[in-house]
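Each residue of the sequence shown is one higher than the last, beginning at 1 in the numbering used here.
Certain hints may be false.
[Unchecked claim] In the BS3-like style, the derived pairs of lysine-lysine whose C-alpha atoms are separated by at most 25 Å in a straight line are:
hint, residue 1, residue 2
1, 145, 103
2, 24, 103
3, 145, 168
4, 15, 4
5, 4, 24
6, 145, 29
7, 103, 146
8, 22, 103
9, 31, 147
[Said to hold, decoys possible] Ranges between beta-carbon positions, derived for each pair:
hint, residue 1, residue 2, range
10, 27, 144, 52 to 58 Å
11, 113, 2, 55 to 61 Å
12, 115, 15, 43 to 49 Å
13, 115, 144, 31 to 37 Å
No lab work stands behind these hints: they were computed from the structure.
All values reported here derive from a predicted model rather than from experimental measurement.
Where a beta carbon is used, it is the ideal one built from N, C-alpha and C, also for glycine.
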Amino acid sequence: MEAKLKEYRALRRRKELIDNAKDKLERSKEKIVNFLVPKIFTNMDKEKKEDEVVLMENEEPPTPELIIQPEDPGVSEEITSEVSELESFEEEKQESWRYFTIKWSIYSLTWLTLYIFFLKIQFGAVFFVLSVLFGIYFNTRTRPKKKGEVSAYSVFNENCVSIDGTLKAEQFEKEIMYGAGGVNIFR
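Full structure from sequences and hints, please.
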């Protein structure tokens, strides 16, 4: 019993040390960021949060239309399992505006420095092309979509609701039959 108690206390002490180190690191990071970042960017983050609340209050949920029901009960179990797999992924922490600005400033400065270096050794075009290819590769999403994220393909959305700005089949038919002027795009 004493050995278990001693082991538990040692584990708890280690966890407290790790938590204290993380807190100190977070506080020092905040101090550095507060020193480097102008107050304008700090205030943007606060204004953004206020705007988000207003937008969420004014949003209207999509009206329930035809809900697609699978005919085969085995298919509904497959759909349910796929949905539960997607929901099991944890949502990523949202980046603050300040962190986002600093991160991309550092990325841009590093890229610009490397680009100037490669221009000096006359490999600027190669570096630029490789940078574009890396950018395309790293910005192509391979992870599953987040919970509540709207898909560009309306059949995967709840109640088959399409995103704003997409061309619907009805609109396409009207444009073919009556021309682009016969369609009211502001519905």
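Now the hints, each set against the structure:
no.: 1; hint: 145 x 103; verdict: 23 Å, holds
no.: 2; hint: 24 x 103; verdict: 21 Å, holds
no.: 3; hint: 145 x 168; verdict: 23 Å, holds
no.: 4; hint: 15 x 4; verdict: 16 Å, holds
no.: 5; hint: 4 x 24; verdict: 30 Å, violated
no.: 6; hint: 145 x 29; verdict: 31 Å, violated
no.: 7; hint: 103 x 146; verdict: 23 Å, holds
no.: 8; hint: 22 x 103; verdict: 20 Å, holds
no.: 9; hint: 31 x 147; verdict: 34 Å, violated
no.: 10; hint: 27 x 144: 52 to 58 Å; verdict: 35 Å, violated
no.: 11; hint: 113 x 2: 55 to 61 Å; verdict: 59 Å, holds
no.: 12; hint: 115 x 15: 43 to 49 Å; verdict: 45 Å, holds
no.: 13; hint: 115 x 144: 31 to 37 Å; verdict: 34 Å, holds
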